[in-house]
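Trainee: Just so you know, the sequences run in chain order A and B.
Just so we're aligned, residue 1 is where the first sequence starts under my numbering, counting upward by one.
Just so we're aligned, residue 1 is where the second sequence starts under my numbering, counting upward by one.
In short, the hints are calculated from the structure, not lab data.
For every residue, glycine included, the Cβ atom is placed at its ideal position computed from N, Cα and C.
Keep in mind that a hint or two might mislead.
Here are some chain B residues the structure puts well away from chain A; computed CB gaps all over 10 Å [said to hold, decoys possible]:
#1 R5
#2 V23
#3 D33
#4 A49
#5 V63
#6 Y64
#7 D135
#8 K211
#9 K217
#10 E219
#11 N244
#12 N255
Stretch-level coverage of chain B by chain A, calculated; a stretch enters the list once three of its residues show a Cβ under 8 Å from a Cβ in chain A [said to hold, decoys possible]:
#13 35-47
#14 52-62
#15 84-90
#16 94-105
2 protein chains.
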Amino acid sequence: MTKHRPSILITNDDGITAPGIKVLIELMGELGDIVVVAPDSPQSGMGHAVTIAKPLRLDKVDVYDGVEMYQCSGTPVDCVKLAVNKVLHKKPDLLVSGINHGFNSSINVIYSGTMSAAMEGAIEGIPSVGFSLGDFKQDADFSATRPFVSAIAKEVLANGLPLGTLLNVNFPVGHKIKGLKVCRQAIAKWSEEFDERVDPHGRPYFWLTGKFLLNDKGEDTDEYALNEGYASVVPVHFDFTSYNAIPTLKNWNFNL
Amino acid sequence: MTKHRPSILITNDDGITAPGIKVLIELMGELGDIVVVAPDSPQSGMGHAVTIAKPLRLDKVDVYDGVEMYQCSGTPVDCVKLAVNKVLHKKPDLLVSGINHGFNSSINVIYSGTMSAAMEGAIEGIPSVGFSLGDFKQDADFSATRPFVSAIAKEVLANGLPLGTLLNVNFPVGHKIKGLKVCRQAIAKWSEEFDERVDPHGRPYFWLTGKFLLNDKGEDTDEYALNEGYASVVPVHFDFTSYNAIPTLKNWNFNL
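Could you put the whole structure together from the sequences, leaning on the hints where they help?
Mentor: What follows is the structure, given as structure tokens:
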């Protein structure tokens with residue numbers, strides 16, 4: 001009996017040369033036939049942006065020996081759309097995005113290009129997982145994440161994912177990860193802060209900065225798990241309806 | 001007794017000169033003290049993108065007489081962050097985004113800069129509403145939407161919104177809107193399609209296009225309401241956790 005070798009699409013938001021995506025390329029190459037379609041430049045914080053006012057470029061590149069790779073001028077979501085439509089011409093068996101340099105836990109799921117790529121995969125009906133490590137540095141050490149990434153990918157390949165669900169997996173920094181916890185998204189936000197400067201021509205400009213504010217004491221959250229030294233796995237969906245709020249709104253009288 | 005005049009922040013994703021935002025400026029000016037902070041260029045499809053790798057510009061402009069207006073070089077989400085932190089120096093009583101030229105119903109909520117601005121407002125704790133009309137044209141006729149926009153804004157100013165909830169309001173095209181329906185987000189997706197062309201230098205490029213595919217026969221959805229000639233109001237939240245999937249995942253054995 002010939003075993004079916006799964007097809008695996010790999011993308012990210014840090015760009016095709018980021019160290020994090022190299023880890024996925026190495027690990028997924030052990031599990032299936034891989035194709036990489038990733039941004040040609042860093043796309044952190046792009047959220048679910050798509051490129052509609054500009055044309056897109058897609059170029060085959062030869063970065064790692066024997067790996068089919070394409071770089072795209074667009075966003076992570078553009079990469080997924082182009083990969084399915086113009087490279088694979090089919091849905092892959094698995095989409096993995098990352099490994100992101102920096103956490104995409106709690107509210108970061110909303111801003112993250114890494115997670116938006118995985119969400120776009122799920123919208124397309126592809127079992128999709130976004131992986132992130134809580135270290136922004138270019139030389140972040142991904143070694144402790146490797147067995148977890150492989151185990152999760154194997155499990156998703158074996159079982160699929162519930163319809164309309166993707167996974168947001170985050171890893172704490174360090175040499176030892178205690179285990180894996182299935183969690184909910186913690187309630188948190190970034191305080192908006194801006195570093196105001198003046199350019200050489202006398203005009204002001206702003207750099208977006210901010211502090212992460214955790215407003216959640218729950219022990220079932222991704223932030224709690226990460227702080228305890230565990231990897232967090234949050235199942236995510238793309239039905240943003242606040243069902244709890246529907247009865248309240250139905251009672252409103254709009255005087256129309 | 002002096003009646004408190006509410007402060008209202010207005011933004012959009014079609015850019016500060018779009019006809020849709022002018023409608024909000026006119027209508028909100030009747031309800032409170034308005035400030036406009038909007039992108040200096042069209043930002044459709046920007047999703048929840050934030051600008052972290054480039055500095056931002058924020059310039060006071062004088063477009064409509066007597067209206068305090070600022071244009072920002074960033075995304076709709078950047079506009080909201082800058083408005084709260086550098087213009088208002090407080091949370092406004094209401095944030096309205098739009099009126100978008102084009103539907104943001106169903107899955108479009110994910111790609112929409114208009115809705116992401118409203119979502120950012122909700123993350124900040126501001127009662128926030130995104131408005132959209134199903135007409136992409138620059139000369140779209142917003143007249144039928146006006147009483148609905150005012151009624152919804154008044155209701156939100158009077159009652160607030162449930163914590164962590166924003167509203168996604170969509171209007172059908174036409175001279176007559178039958179009424180207003182509180183709905184859930186329809187299950188739908190865009191088929192990814194690309195228009196492939198060759199530039200004058202012989203290199204290929206792609207334009208993102210696509211067809212809207214509605215996979216939902218429910219009569220409680222935004223798409224159903226809009227097709228029936230009603231305005232749709234979907235309460236939206238930013239907890240993307242798929243709670244239904246948590247028990248399934250907890251049963252997985254990751255062999256770690």
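Trainee: The structure should be examined with respect to each hint, and the outcome stated for every one.
Mentor: Hint check results:
Residue-level check passed: R5 of chain B sits 20 Å from the nearest beta carbon of chain A, beyond 10 Å. Against the 10 Å criterion, V23 of chain B stays outside the reach of chain A, whose nearest CB is about 17 Å from its own CB. No beta-carbon of chain A comes within 10 Å of the beta-carbon of D33 of chain B; the shortest separation is about 21 Å. Annotated as non-interface, A49 of chain B brings its C-beta within 10 Å of a C-beta of chain A; the closest such distance is 4 Å.
No beta-carbon of chain A is positioned within 10 Å of the beta-carbon of V63 of chain B; the least distance is around 20 Å. Listed as outside the interface, Y64 of chain B is consistent with that label: its C-beta sits roughly 24 Å from the nearest C-beta of chain A, beyond the 10 Å cut-off. With a least CB separation of 17 Å from chain A, D135 of chain B remains clear of the 10 Å interface cut-off, as annotated. At roughly 12 Å, the least C-beta separation between K211 of chain B and chain A is larger than 10 Å, which holds for a residue marked as non-interface.
For K217 of chain B, the shortest C-beta to C-beta distance to chain A comes to about 16 Å, beyond the 10 Å cut-off, and the non-interface label holds. The Cβ of E219 of chain B lies farther than 10 Å from every Cβ of chain A, with a closest approach of about 14 Å, so its non-interface assignment holds. Some Cβ of chain A comes within 10 Å of the Cβ of N244 of chain B; the nearest lies about 7 Å off, and the non-interface call is violated. Residue-level check failed: N255 of chain B sits 6 Å from the nearest beta carbon of chain A, not beyond 10 Å.
Counting residues of the stretch 35-47 of chain B whose CB falls under 8 Å from any CB of chain A gives 5; the rule of at least 3 is met. With 6 residues having a beta carbon nearer than 8 Å to a beta carbon of chain A, the stretch 52-62 of chain B meets the requirement of three or more and the stated coverage holds. Using a Cβ-Cβ cut-off of 8 Å, 3 residues of the stretch 84-90 of chain B lie near chain A, which meets the minimum of three, so the contact claim holds. Judged by the Cβ-Cβ criterion of 8 Å, the stretch 94-105 of chain B is not covered by chain A as claimed, because only 0 of its residues qualify and three are needed.
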